[in-house]
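Chemist: Sequence:
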Amino acid sequence: MERPSVRSYSIRGSRITEAQREAKNALQAIYGIAVETKKINLHEIFPTSEKIVMEIGFGMGEATAIIAKNHPNNGYIAVDVHPPGIGKLLARIIENDLKNLRVIEDDVHVVLPYMFEDES
0 MERPSVRSYS
10 IRGSRITEAQ
20 REAKNALQAI
30 YGIAVETKKI
40 NLHEIFPTSE
50 KIVMEIGFGM
60 GEATAIIAKN
70 HPNNGYIAVD
80 VHPPGIGKLL
90 ARIIENDLKN
100 LRVIEDDVHV
110 VLPYMFEDES
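Note that numbering that gives the first Met the number 0 numbers the sequence shown so that position 25 is 24, with each residue one more than the last.
Among these hints, one or two may not hold up.
[Stated by the list, open to error] Below, simulated DSSO-like cross-link-like pairs (lysine-lysine); rule was C-alpha separation at most 30 Å, straight line:
{"id": "1", "residue 1": "K38", "residue 2": "K50"}
{"id": "2", "residue 1": "K68", "residue 2": "K98"}
{"id": "3", "residue 1": "K98", "residue 2": "K37"}
{"id": "4", "residue 1": "K68", "residue 2": "K50"}
{"id": "5", "residue 1": "K98", "residue 2": "K50"}
{"id": "6", "residue 1": "K38", "residue 2": "K98"}
{"id": "7", "residue 1": "K37", "residue 2": "K50"}
{"id": "8", "residue 1": "K68", "residue 2": "K38"}
[What the hints assert, rightly or not] Ranges of calculated distance between the beta carbons of each label pair, as one might list FRET restraints:
{"id": "9", "residue 1": "E49", "residue 2": "L111", "range": "37 to 47 Å"}
{"id": "10", "residue 1": "H108", "residue 2": "Q27", "range": "18 to 28 Å"}
{"id": "11", "residue 1": "G58", "residue 2": "E21", "range": "18 to 28 Å"}
{"id": "12", "residue 1": "I93", "residue 2": "V34", "range": "18 to 28 Å"}
Simulated from the structure, these hints should not be mistaken for laboratory data. We put the CB at the ideal spot given by N, CA and C, even for glycine.
Input sequences plus hints: build the corresponding full structure.
Modeler: Right under this line is the structure:
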């Protein structure tokens with residue numbers, strides 16, 4: 000998979016807490032979507048969702064979790080590169096029993112062209 004020279008983020012110093020690391024290790028395989036070079040079928044991930052929404056750059060995931068909780072009929076895919084935020088959002092999925100939220104850990108410039116159909 001070729002990495003674009005333009006990124007959707009800039010790397011800043013960040014520290015992942017032990018709780019965030021544990022959430023990532025325990026939950027990413029369950030609630031994460033692996034980055035691949037093939038298109039994903041959104042309706043397999045969210046078969047009953049009325050609408051599927053992508054959140055790009057969700058920070059620590061507080062707003063993303065609230066939106067997913069308040070709109071359970073929609074499916075949400077959250078994309079970010081920030082390990083502490085990934086861990087925190089994965090923990091929020093469990094805390095709020097969110098069945099309609101999945102997480103992708105990578106740059107959206109990589110994720111979009113390889114994993115999503117145009118106009119999906």
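Chemist: For every hint, state whether the structure bears it out.
Modeler: Evaluation of the provided hints:
In summary, the hint linking K38 to K50 is supported, as the alpha carbons are separated by about 18 Å, within the 30 Å threshold. This hinted pair checks out: K68 and K98 have alpha carbons roughly 9 Å apart, not beyond 30 Å. Restraint check for K98 and K37: the C-alpha separation of about 24 Å stays at or below 30 Å, so the hint holds. This hinted pair checks out: K68 and K50 have alpha carbons roughly 14 Å apart, not beyond 30 Å.
Under the criterion of a C-alpha separation no larger than 30 Å, the hint pairing K98 with K50 is consistent with the structure, at around 14 Å. Of the pairs offered as hints, the one joining K38 and K98 holds, with about 22 Å between alpha carbons and a cut-off of 30 Å not exceeded. In summary, the hint linking K37 to K50 is supported, as the alpha carbons are separated by about 22 Å, within the 30 Å threshold. Restraint check for K68 and K38: satisfied, since their Cα atoms lie roughly 27 Å apart, inside the 30 Å limit.
Distance hint check for E49 and L111: the Cβ-Cβ separation is about 22 Å, which falls outside the suggested range of 37 to 47 Å. Separation of H108 from Q27 is about 21 Å and conforms to the stated range, judged on CB atoms against 18 to 28 Å. The hint said 18 to 28 Å for the Cβ distance between G58 and E21, and at roughly 20 Å that hint holds. Taking the beta carbon of each, I93 and V34 are about 22 Å apart, inside 18 to 28 Å as hinted.
Of the numbered hints listed earlier, the single one contradicted by the structure is hint 9.
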